[in-house]
Amino acid sequence: MESKHTESKNMEHNNSKISIKGLRKSFGHLEVLKGMDVEVSEGEVVCLIGPSGSGKSTFLRCLNALETITAGRVIVDGYDLTDKKININKARENIGMVFQHFNLFSNLNVIQNIMLAPVELKKLTKEEARARGMELLAMVGLAEKAQVYPSKLSGGQKQRVAIARALAMNPDIMLFDEPTSALDPEMVGEVLEVMKGLARDGMTMVVVTHEMGFAREVASRVIFMDEGVIVEEGTPQEVLLHPTQPRTIDFLNKVL
Amino acid sequence: MSFFGLIRENGVFLLGAMGKTLELTLLSLIFAAFIGLFFGLLNVSKNRICNTIANIYIDCIRGVPLIVLAFFVYFGIPMATGIRLDALTAGIISLSMNAGAYMAEIVRAGIQSIDKGQMEAARSLGLPYGKAMCKVVLPQAIRVMIPSIINQFIITLKDTSILSVIGFPELVKAGQIVIARNFETFKMWAIIAIMYLIVITTLSKTARALERKISYGK
Ligand SMILES: Nc1ncnc2c1ncn2[C@@H]1O[C@H](COP(=O)(O)OP(=O)(O)O)[C@@H](O)[C@H]1O
Ligand SMILES: [Mg+2]
Chain Y
9 MESKHTESKN
19 MEHNNSKISI
29 KGLRKSFGHL
39 EVLKGMDVEV
49 SEGEVVCLIG
59 PSGSGKSTFL
69 RCLNALETIT
79 AGRVIVDGYD
89 LTDKKININK
99 ARENIGMVFQ
109 HFNLFSNLNV
119 IQNIMLAPVE
129 LKKLTKEEAR
139 ARGMELLAMV
149 GLAEKAQVYP
159 SKLSGGQKQR
169 VAIARALAMN
179 PDIMLFDEPT
189 SALDPEMVGE
199 VLEVMKGLAR
209 DGMTMVVVTH
219 EMGFAREVAS
229 RVIFMDEGVI
239 VEEGTPQEVL
249 LHPTQPRTID
259 FLNKVL
Chain X
254 MSFFGLIREN
264 GVFLLGAMGK
274 TLELTLLSLI
284 FAAFIGLFFG
294 LLNVSKNRIC
304 NTIANIYIDC
314 IRGVPLIVLA
324 FFVYFGIPMA
334 TGIRLDALTA
344 GIISLSMNAG
354 AYMAEIVRAG
364 IQSIDKGQME
374 AARSLGLPYG
384 KAMCKVVLPQ
394 AIRVMIPSII
404 NQFIITLKDT
414 SILSVIGFPE
424 LVKAGQIVIA
434 RNFETFKMWA
444 IIAIMYLIVI
454 TTLSKTARAL
464 ERKISYGK
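Taken in order, these protein sequences are the chains called Y and X. Sequential numbering from 9 applies to the first sequence in this note's numbering. Sequential numbering from 254 applies to the second sequence in this note's numbering.
If you're looking for bench data, these hints aren't it; they were derived computationally from the structure. Fair warning: there could be bad hints in the mix.
[What the hints assert, rightly or not] In the DSS-like style, the derived pairs of lysine-lysine whose C-alpha atoms are separated by at most 27 Å in a straight line are:
#1 Lys466(X) - Lys153(Y)
#2 Lys98(Y) - Lys388(X)
#3 Lys93(Y) - Lys131(Y)
#4 Lys299(X) - Lys98(Y)
#5 Lys384(X) - Lys131(Y)
#6 Lys42(Y) - Lys299(X)
#7 Lys92(Y) - Lys384(X)
Okay, chain Y solo, but in the shape it has when bound (with noise of 0.2 Å):
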């Protein structure tokens, strides 16, 4: 672990697990990302702030193509999401993604929502998948739950089991867009602390979130977005403590 950790320092520049230069993306007429660069290396935590509409979700949805690219280049674990040669679903599954509400399979129970994927693309035989869901759900305090459908979970169980059963297919990189927005806020902890252990066990996360507490405590960065621009970005200390653009301080004035 510690060698590994060393040569992952030292070999920063190559390093990036997503890079993106100039990214644009447009709902007909209106331009939502108008020109955005950033790059995210191995094991970093990088939370996007903003107001809300102003592009967050959109962003992270192009970090795994689930909106086509208007222009730019993208890439992410090595895959060039603008180029239209590439196996998207391959590009998909080093790629994990956690939505503000949830998405579990509600035909599915809490086990099944897991394996799905991992069956159904080979990368695993149904006991291996069933033993490394469980696995998982224990890793997120809910291995009792496994044969439960969601309807029957609370908010804050169904993102934690989203979040194993995004897991599942052991994801180089995991995407969050607001993962606890939904929340009642009794349970907003419990899914934080989620994503603190996977923070620490080094998974590289890019996460759309208003937990200011959490972005402070966790990210390696912080980049403040507004109207598809990114105004401001640096270390938590930097952009949430001791803003510079007044856009910032203006947004973090309302939500603090």
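Fit chain X with the ligands to the given chain Y structure using the hints.
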């Protein structure tokens, strides 16, 4: 002759014809399900050409009365191709094509009623569109579609009576045959109406019960 006398005399024959009616309905609906699934999936796909093909089919079928379609299949096609179809085959083809167009709309509505997040979550895991559709979206959509499918079954069941015009021995044709023999026009049509009524009411009650059960499950 009394009602009961007529029933005693023709009951077996009429029940047989009802059986034929149900058989024709069921077979047609099974084919219609495949047709509907095919065109319904074309309709929800992102490909414009697929959408257009589905819409052309649906519009054409819905724009032609079933009786014209049945005449076309039973009399028209043999004339043009020399292939003779028996009344059952022609009946099944006409009804399947007709019900298929409505089933396509049921499939489309069913799929569109499922939250987009389900498909997106499946795709985000790396599942291809087809797998995501089969394993996640369709199983949920079919649950939603069940009452509409039973409804379509009822409509198709009623539509089988139209096939009496091509001589298929379903219930209406059977009634005509019996009446030609005994001239009990009033009582015979009443008996036949009641037979339809019993079957259709049972089906629609089932549909409503299922509908309630499904909405509780949510
Ligand atoms: N599928 C879409 N079609 C049209 N406009 C969209 C679509 N998705 C998002 N938008 C628009 O893009 C803008 C940014 O949305 P979004 O990325 O969801 O912002 P955020 O996540 O920061 O709140 C909004 O104005 C929104 O209305
Ligand atoms: Mg958003």
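These are the hints, each one checked on the structure:
The suggested pairing of Lys466(X) with Lys153(Y) holds, with an alpha-carbon distance near 25 Å, which does not exceed 27 Å. This hinted pair checks out: Lys98(Y) and Lys388(X) have alpha carbons roughly 18 Å apart, not beyond 27 Å. Restraint check: the Cα-Cα separation between Lys93(Y) and Lys131(Y) comes to about 23 Å, which is no more than 27 Å; the hinted pair holds. The hinted pair formed by Lys299(X) and Lys98(Y) meets the criterion: a straight-line CA distance of about 21 Å does not exceed 27 Å.
Between the alpha carbons of Lys384(X) and Lys131(Y) the distance comes to roughly 15 Å, so the proposed pair stays at or under 27 Å and holds. With a C-alpha separation of about 26 Å, the suggested pair Lys42(Y) and Lys299(X) falls inside the 27 Å cut-off, and the hint holds. At roughly 21 Å between alpha-carbon atoms, Lys92(Y) and Lys384(X) fall within 27 Å of each other, so this suggested pair holds.
Violated hints for the displayed structure: none, as all numbered hints are satisfied.
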